[in-house]
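As they're listed, the protein sequences go chains H and U.
With this note's numbering applied, the first sequence covers 165 to 589.
With this note's numbering applied, the second sequence covers 431 to 737.
Keep in mind that the hints were calculated from the coordinates and are not lab data.
Among the hints, a few may not be true.
Result set (DSSO-like, lysine-lysine): computed pairs, CA atoms no more than 30 Å apart in a straight line [to be verified]:
1. H:K569 x U:K583
2. H:K564 x U:K496
3. U:K583 x H:K564
4. U:K696 x H:K578
5. H:K569 x H:K390
6. U:K536 x H:K573
Derived coverage of chain U by chain H (criterion: at least 3 residues anywhere in the stretch with Cβ under 8 Å from a Cβ of chain H; other residues may be distant) [what the hints assert, rightly or not]:
7. 598-606
8. 636-645
No residue lacks a Cβ here, since even glycine has one placed at the ideal position from N, Cα and C.
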Amino acid sequence: MKKFLLVLLAVSLLALGGCGEKAGGSAKSLRFMYWGDVAEIKIIKAQIAKFEKATGVKVSAERAPSGPPYMEKVLTQFAGGAAPDVLFVEVNNFKQFAQKGVLENLNPYLAKETKFKKSDFYSRIIDRFTVGKNLYVLPRDIAPICVVYYNKKIFDAAGVRYPTDDWSWNDLIKIGKKLTKKDEKGRITRFGFVDDWPIWEAFVFSNGGRIVDNTKNPTRCVMDRKAVIDAVQYRADLIHKHRVMPSPSQMTAMGGMGTQDMFMSERVGMFFSGIWKTPSFRKITNFKWDVVMFPKGPKGERGFPSGGSGYAITSKCPNKEMAWKLVTYLAGEEGQKKLAQTGLAQPAMKNIAKSKYFLDDKPPKHKDIVLDGVKYAHFMPLMSNWEEINVSMLAPEFDKIWSGKSSAKTILKKVVPEINENFFE
Amino acid sequence: METKPKRNKLKMSTLEAIWGYVFLGPWILGMVFFIGGPIIASVILAFCEWDLLTAPKFVGLDNFGKMFFHDPKFWVSLWNTFYYTIFAVPLGIVGSVFVALLMNQKWKTVRVLRTIYYLPSVTAGVASAIIWMWLFNPDFGLINYGLSLFGIKGPLWLASEAWSKPALIFMSLWAVGGNMIIYLAGLQGIPRQLYEAADIDGAGIIHKFRYITIPMLTPVIFFNLIMSIVWSFQIFTQVYVMTGGQGGPADSTLVLVLYIYQHAFKYHHMGYASGLSWMLFIVIMIFTLLQFRFAGGWVHYEGELKK
């Protein structure tokens, strides 16, 4: 009988022991979730330490890998009722939270804040994180994707002058061709230009095209207009007509080498991305590089997609005042200054971006282009279904354009009505 | 026994039964909470819409309506999965039986060879997928290099719409060792008297194979057929790793489980993903039931056809 009771006790303890931690923070602690690479982690940890010392409130900071895994983790926590108190959000994953009422309106806190005010920040990024009249995310950085990195050594060897900001799409083709090198078998060993990922949006915006009729309240996809078709076709032509950019199968053939690796190993002369590649490139010794703004479109227009991130407070947080204080430590002047010095991101506060914290004499020399770039920044449609549209309808169809199997006109004329029918009714 | 004074109120058999339940307890609790609960939840979710942030919303048969009438990708993924299964399963069975026959010989090295053939099934799915990605590389991969030695220009494999599924099928064949073990056991369970009787009657090798080996193996083949089909329908890891979760190029490798994953974790349509999962379950169930129905026609148990 005794043995029986002992075993029963052991079994029930086992069952109860499986219960997890209590959810959320309390008055004396905050939970914070973020992603970031090594430089960011250091800065965040330093700011959190300062916050803990100043307020006595413990912060349990959890880092998740960036991209889809971050959203999976965060959403699972929300679903389980254990959402963090402070959340790192960027302009694209913001659309998952935007209209769901799970984030706290930050306007009242910002109004009471003495250390900085709303007008200190770039208005475009504030606008992106605002739904209706409420600001949900305090921006830390803005990242107009307008940066074309170029390898000075390759340019010098090919006898080409460095591009200046007012270069055009035609100049891009000409310069790209001069930088492309082939081997005896006719295989291309060095390309002229490559973008970090198919950044077709930059071509579309630079040609005056739009993706949806209204970014904040999209009701129609408008990508079947001529400006968009021409822009997408231009990018495809860079691959197949002018052969200055690798095709998807040529990328696969490089065996796992990414576009950034191509630039770093001098397999491409120009690399188009955002400013965040700076810390990686700074680490390479004997590498002479600089940046130039993405070229103007045929009509002389400029436009690019933009990134950007910031911090939000969840609506179920039990201690919002403390959470706001943590946010000010992370996204306030000091946090932004430290970030600027790493070159990783362009601070969302205008005067810090213009100061020597960001505009220092470390490479790239012309990093001030991103300050100009802000005026031409566009954002992706703010609707929670955009991810699905992009991944399930646009990406596979665009694959056919990038691999040369179809033209931009055929694909866009086919897929845009489908998108409108399935998502915008 | 009635004269024995009763010390315990409980009978011996009842006591044993209780002990049985106590030992089963942890497993039952685990089953109910970690498997049963989620299964019931997913049945309910299949009729709801849920984005993980807000509460689930009941939508009745909407998910299934959308699946059958408004979602061409559902049919594409179903077709891709069928295509893979129709080729991978028969080829896998033929391959495993063939290798098992080879490994059943009385060579000195047969033990080592058996281990070598079995090794691929114990490698981690992700690791082997990455190795195969390299093998399939159009320019530097060993497969196209091997083909070039015969003067054949290999296709783009994973980067080509036409060859991506065949590539997956070839890849699945390297795990024949896993089923080989089962067939080996089956082969070794065939009574030697049958072969001796056939020898006495003057049967040749082909004859013995056709009329003794295969019929006696049919129960094992049947079991394997069912398990292989169930497993092939659920292929995911290799496809996810080799296509970056996209099911490309142009949805040619979008298999059903990958599609479910996309809806659940990329687009955050938990309800629709649950509906798709139940569809997968129903499809597999139908195939399994069909196989049981037709088993009588070809599966021999103990030398007799099971009617």
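Comparing the hints with the structure gives:
no., hint, in the structure
1, H:K569 x U:K583, "20 Å, holds"
2, H:K564 x U:K496, "26 Å, holds"
3, U:K583 x H:K564, "23 Å, holds"
4, U:K696 x H:K578, "24 Å, holds"
5, H:K569 x H:K390, "20 Å, holds"
6, U:K536 x H:K573, "66 Å, violated"
7, 598-606, "violated (count 0)"
8, 636-645, "violated (count 0)"
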